[in-house]
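Q: Chains as they are written, first to last, in full-length UniProt numbering: chain E, 1 to 374; chain P, 1 to 410.
No lab work stands behind these hints, which were simulated from the structure alone. Among these hints, one or two may not hold up.
[To be verified] Heads up, simulated DSSO-like pairs for lysine-lysine below, C-alpha to C-alpha not over 30 Å straight-line: (1) E:LYS371 - P:LYS45; (2) E:LYS323 - P:LYS335; (3) E:LYS10 - P:LYS317; (4) E:LYS323 - P:LYS329; (5) P:LYS329 - P:LYS27; (6) E:LYS371 - P:LYS329; (7) E:LYS10 - P:LYS329; (8) P:LYS317 - E:LYS18; (9) P:LYS329 - E:LYS274; (10) E:LYS99 - E:LYS13; (11) P:LYS335 - E:LYS274; (12) P:LYS335 - E:LYS371; (13) P:LYS305 - E:LYS323; (14) P:LYS305 - E:LYS274; (15) E:LYS10 - P:LYS305; (16) P:LYS27 - E:LYS371; (17) P:LYS56 - P:LYS45; (18) E:LYS371 - E:LYS323; (19) E:LYS274 - P:LYS45.
[To be verified] So, partial list: chain E residues that the calculated Cβ filter (under 8 Å) puts toward chain P: (20) ASP4; (21) THR26; (22) VAL28; (23) VAL193; (24) PHE261; (25) ARG263; (26) GLY266; (27) SER267; (28) GLN269; (29) LYS272; (30) LEU275; (31) SER287; (32) ASN288; (33) ALA309; (34) ILE312; (35) LEU368.
Even for Gly, the Cβ is constructed at its ideal location relative to N, Cα and C.
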Amino acid sequence: MNFDFSDDQKLLKEQLRKFLTDKCPTKVVRRVLDGNETHADEVWKGLVDLGVPATGIPEEYGGLGLSPLELCVIAEEVGRAAAPVPFDTSVVLATEALKLAGSDAQKKKWLSELAAGKAIGTLAIAEGPQPPKPRGIRTTFGGGRLNGKKVPVADGEAATFAVVLANTGGQGDRAVSLVLVDLTQAAVSKKRVETIDPARKHAELTFKDANAEFLGAEGEGWRTLERLYDAAAVYFAFAQVGGAEAAMWMARDYALQRQAFGRAIGSYQAIKHKLADCYVKLELARSNAYYGAMMLTDGGADLPLAAAAARIAATDAYDFASKENIQTHGGIGFTWEADTQFHYRRARVMALALGGPMAWKDKLVSRLEQKNAA
Amino acid sequence: MDFNDTPEEAAFRKEVRAWLDANATRKSDDKASFRARNDDPELLKKAKAWQDMKAKAGYARITWPKEYGGRGGSPILQVIYQQEEANYLVPLGFFDIGLGMCIPTMMAYASPEHLQRYVKPALHGDEVWCQLFSEPAAGSDVAGIRTRAERAKLPDGGDGWVINGQKVWTSGAHYSDYGIIITRTDPNVPKHAGLTMFFLSMKTPGVEVRPIKQMSGGANFNEVFFTDVRIPDSQRLGKVGEGWKAALTTLMNERLAVGMPSGGLDVDELMELARDTDLEDGPAIRNQQVRSKIADWYVQQQGLKLTRYRTLTALSKGQTPGPESSIIKIVAAPKMQDMGAFAMELMGPAGIMKEEVPHAAGFQAQWIGGAGFRIAGGTDEILRNIVAERVLGMPADVRVDKDVPFNKLK
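Produce the entire structure from the sequences given, and follow the hints as far as they go.
A: As structure tokens, this is what we get:
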């Protein structure tokens, strides 16, 4: 039985934690939250220097060629710090999309630029209200030209390229394809949009006859996206576990220090049991996330089920810890100057990014039905 | 990452399987169990015979030192044995308390002569032990017990003690031969300081065992009354007034439960039921509320299994497991109760009838049993306190009785 990370992976995690504790304390998150910058560029550059974007990219494309397990421990630390950097978008979604569906030429160009920190990628799926689905996509791609509007796109301003879900005219699930588009061209316009988490900037991207190319085969967009989301769900789960743990300890520390009715509020069972519940949800999430990581690494047949379980457990753990962290803090926790808001906001952004728990629970049961029928 | 055995573990597993194949019947169905009624005297006889076979083959307590009939093996080997044994139709559950808690406490405190006398018969299933801790007025707060032990001369003129009081929820007392008992020897000091531990024969004059019928219909635990029960001072475990320390030794030995099979109905059976249940708009399995609940319980079921795997990983590497296994009962017990209740709801009004719908009895048993499981061996509430205090480092509850002599408490 070896259901744990290796000593080297734990060392890598320690290294990331040290770097982020030092370079990305909460005042950096606040700076981005309050300010105009798209992300904390000095933190991002530091992560690039540490080889973070290169971690999961094969060596032939200029990456470090490490396993998903290394990227999982990194994700946990980025999540713990609620770091305002394009990690979920560029290191997870865009990189994995290229790995899953990119041609050799596309990988050569974009993966090596990602690995070197010269490119930032993102994924552009949603088009305003309504959860995305194959039949509702209005952005079109044909004759090498992309037209339409995507919103919200995480890191849309910082990104230099995007993987876009576009209507390419097929039937049913085959109506959509993934398309790769360079965002530095004049035919692309970017506009910042206000969201619940100003520490993670989002944008509206408008394409007017933008040059673009298929990423993967025409009509395969929705299927590739499902596979991409399974991989991303595992990495997101680690980031959510890291965030949940940070929120839990923030609440614990405050509960030890804050006095009410003559003693620390952390000595009351109402608070103790709430935080014990945070721990219970956290460990359920961690265990499910580990299995997701194991399936991702081995290419195990259980990945779709493991990814869904990891996603559901981690979303629940992060939502719960981040909201009860505010509650434990009381009034001060609801102020702009308190750090409690960072995880509360990030938890919801992460919960919605790949589709919320309702959709994933439905998916999980469908996958369970398929497995039982097999 | 993998779930594989190390070469040493694999070899041991193979050896265990071969021995079990040769000596027991493999279960045809993994839900089959011998444990349903362990108040059945016939079953006890079979269990004793099986325990004896295990002990002779060296599988009864793998982690115990060889001098006590163990094999000085690592905890992971004990877990592997239990995992394999769970696949066979053998009677279990009678010796867990004795061998898991009572005898280890004896090993820590009893004289070499006593160990010589008691360990082997316990290991071979000849003598069953029980743990006499809880009382009507002391459940979660075990240190609040009132059963008195007072110094007395024995009829043979030797130094001894006389015990008066009552214990309750004593599992297996009705078929036990011996027990370890925590008593109050000094009511003039605060509660933790006035306790002393002993062991005694359940046949000692003045000991009376009355089974308690549980809500589930079974009667596995008991009230035990002590009326002028006289025992020699040599049956004391630890120093006078240090019974709390001894009790903690007993409770610490509750580990290794992580490898125990969970068994029982789970998400697979719930899905089967949901497929077979017609709601107004089609099969229940297509209903989003039903699916949402199935998903939640699947995530918990997987989370518990995988959390155990993390603990086993530490054992396999010879490390001390982290605190993650402290979540298991907090999740498993309410899940049992809630899933049982929900499954019954799916069956409609007939969900209250036994055996009318497939799995009805099983889910009803979970719903009933879950109510007990949330209390036994640490209530949901006490376990949350333990997580908060030991894992999160939060303050212990305020104890207004901590420094007050026991006999001055209201």
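Q: Look at each hint and say if it fits the structure.
A: We went through each hint and held it up to the structure:
no.: 1; hint: E:LYS371 - P:LYS45; in the structure: 42 Å, violated
no.: 2; hint: E:LYS323 - P:LYS335; in the structure: 23 Å, holds
no.: 3; hint: E:LYS10 - P:LYS317; in the structure: 16 Å, holds
no.: 4; hint: E:LYS323 - P:LYS329; in the structure: 25 Å, holds
no.: 5; hint: P:LYS329 - P:LYS27; in the structure: 26 Å, holds
no.: 6; hint: E:LYS371 - P:LYS329; in the structure: 28 Å, holds
no.: 7; hint: E:LYS10 - P:LYS329; in the structure: 28 Å, holds
no.: 8; hint: P:LYS317 - E:LYS18; in the structure: 27 Å, holds
no.: 9; hint: P:LYS329 - E:LYS274; in the structure: 16 Å, holds
no.: 10; hint: E:LYS99 - E:LYS13; in the structure: 24 Å, holds
no.: 11; hint: P:LYS335 - E:LYS274; in the structure: 18 Å, holds
no.: 12; hint: P:LYS335 - E:LYS371; in the structure: 23 Å, holds
no.: 13; hint: P:LYS305 - E:LYS323; in the structure: 27 Å, holds
no.: 14; hint: P:LYS305 - E:LYS274; in the structure: 23 Å, holds
no.: 15; hint: E:LYS10 - P:LYS305; in the structure: 23 Å, holds
no.: 16; hint: P:LYS27 - E:LYS371; in the structure: 24 Å, holds
no.: 17; hint: P:LYS56 - P:LYS45; in the structure: 17 Å, holds
no.: 18; hint: E:LYS371 - E:LYS323; in the structure: 35 Å, violated
no.: 19; hint: E:LYS274 - P:LYS45; in the structure: 46 Å, violated
no.: 20; hint: ASP4; in the structure: 5 Å, holds
no.: 21; hint: THR26; in the structure: 21 Å, violated
no.: 22; hint: VAL28; in the structure: 27 Å, violated
no.: 23; hint: VAL193; in the structure: 30 Å, violated
no.: 24; hint: PHE261; in the structure: 10 Å, violated
no.: 25; hint: ARG263; in the structure: 7 Å, holds
no.: 26; hint: GLY266; in the structure: 5 Å, holds
no.: 27; hint: SER267; in the structure: 4 Å, holds
no.: 28; hint: GLN269; in the structure: 7 Å, holds
no.: 29; hint: LYS272; in the structure: 4 Å, holds
no.: 30; hint: LEU275; in the structure: 6 Å, holds
no.: 31; hint: SER287; in the structure: 4 Å, holds
no.: 32; hint: ASN288; in the structure: 5 Å, holds
no.: 33; hint: ALA309; in the structure: 5 Å, holds
no.: 34; hint: ILE312; in the structure: 5 Å, holds
no.: 35; hint: LEU368; in the structure: 6 Å, holds
In terms of the numbered hints stated before, the structure departs from hints 1, 18, 19, 21, 22, 23, 24, listed from lowest to highest.
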